[in-house]
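Under the numbering used here, the residue at position 93 of the sequence shown is numbered 356, and the numbers go up by one with no gaps.
Because the hints were derived from the structure by calculation, they are not lab data.
Check the hints yourself; a few may be wrong.
Distance windows between CB atoms, simulated [claimed, not checked]: (1) Ala-304 / Arg-352: 20 to 30 Å; (2) Lys-358 / Glu-331: 13 to 23 Å; (3) Gly-374 / Val-295: 16 to 26 Å; (4) Tyr-297 / Phe-359: 34 to 44 Å; (5) Glu-288 / Gly-329: 14 to 24 Å; (6) Arg-360 / Pro-317: 12 to 22 Å; (7) Glu-362 / Thr-334: 34 to 44 Å; (8) Ser-290 / Gly-329: 33 to 43 Å; (9) Glu-331 / Pro-300: 16 to 26 Å; (10) Lys-330 / Ser-286: 33 to 43 Å; (11) Gln-361 / Val-295: 32 to 42 Å; (12) Ala-364 / Val-305: 15 to 25 Å.
Simulated pairs of lysine-lysine, DSSO-like, Cα-Cα distance not exceeding 30 Å [to be verified]: (13) Lys-330 / Lys-303; (14) Lys-316 / Lys-299; (15) Lys-330 / Lys-358; (16) Lys-358 / Lys-316; (17) Lys-330 / Lys-316; (18) Lys-303 / Lys-358; (19) Lys-299 / Lys-322; (20) Lys-322 / Lys-358; (21) Lys-299 / Lys-330; (22) Lys-299 / Lys-358.
Computed from a predicted model, the values in this text were never measured in an experiment.
From the three backbone atoms N, C-alpha and C, an ideal C-beta is built for every residue, glycine too.
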Amino acid sequence: MKNSLRLMLCLSASLLLGSCADSCEGSIETLVLYAKPGPKAVGRSIYVNVVNKPDLGIKQSLMYEGKEFGTFENVVIINDPTNRFASNRTICFSKFRQEAATTGGDLMEEGLPVITVE
264 MKNSLRLMLC LSASLLLGSC ADSCEGSIET LVLYAKPGPK AVGRSIYVNV
314 VNKPDLGIKQ SLMYEGKEFG TFENVVIIND PTNRFASNRT ICFSKFRQEA
364 ATTGGDLMEE GLPVITVE
């Protein structure tokens, strides 16, 4: 009965929100802001705002084609070489590897932290 109720709530929420994901309880939670093709056109670079671990990201105003996309408190780029998170609105994880910070780019992301989720 409990699972049936959860499924019904999930289906109802998916009609309103477009998706229904499990809670990130106990994990790092991020909200997806933008995604673009990854380095050398492999996978994707996913720009996220970290919800519950503020020391992971940095405050950044993201620009796109000369216009401000928005200012976010805890921005990180997730390197997603296998398109594992292609349709996610949120990404939850516990283990990650820090990569070299970004340089250049069309969103003016100079110095943004880059991570790979394990």
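Does Lys-322 sit within 30 Å of Lys-299, going by the straight-line distance between their CA atoms? holds, 20 Å
Pair hint outcome, Lys-303 versus Lys-358 [Cα-Cα no greater than 30 Å]: Given pair Lys-303, Lys-358 holds - Cα atoms ~25 Å apart, limit 30 Å.
Tell me if the beta carbons of Ala-304 and Arg-352 are separated by a distance inside 20 to 30 Å. Holds: the Cβ-Cβ distance is about 24 Å, inside 20 to 30 Å.
Checking one constraint from the list: CA of Lys-330 to CA of Lys-303, max 30 Å. Satisfied? holds, 25 Å
Measure nothing beyond the straight line between the CA atoms of Lys-322 and Lys-358; if it is 30 Å or shorter, mark the hint as holding. Measuring from Cα to Cα gives roughly 22 Å; hence the hint holds.
For the hint 15 to 25 Å, verify it against the beta carbon of Ala-364 and that of Val-305. holds, 19 Å
Distance restraint hint 12 to 22 Å, applied to the beta-carbon atoms of Arg-360 and Pro-317: For Arg-360 and Pro-317 the Cβ distance comes to about 20 Å; the hint holds.
For a C-alpha distance cap of 30 Å, please report whether Lys-316 and Lys-299 respect it. Cα-Cα ~23 Å, so holds.
Tell me if the beta carbons of Glu-331 and Pro-300 are separated by a distance inside 16 to 26 Å. holds, 22 Å
Does Lys-316 lie within 30 Å of Lys-358 when you go C-alpha to C-alpha? Holds. Lys-358 to Lys-316 sits at ~13 Å (cutoff 30 Å).
So if I understand the rule, the pair passes when the alpha-carbon distance is 30 Å or less; does Lys-299 with Lys-358 pass? Holds. Lys-299 to Lys-358 sits at ~23 Å (cutoff 30 Å).
Starting from the hint 32 to 42 Å, judge whether the C-beta atoms of Gln-361 and Val-295 obey it. violated, 20 Å
Comparing the model with each numbered hint stated earlier shows that hints 2, 4, 5, 7, 11 and 15 do not hold.
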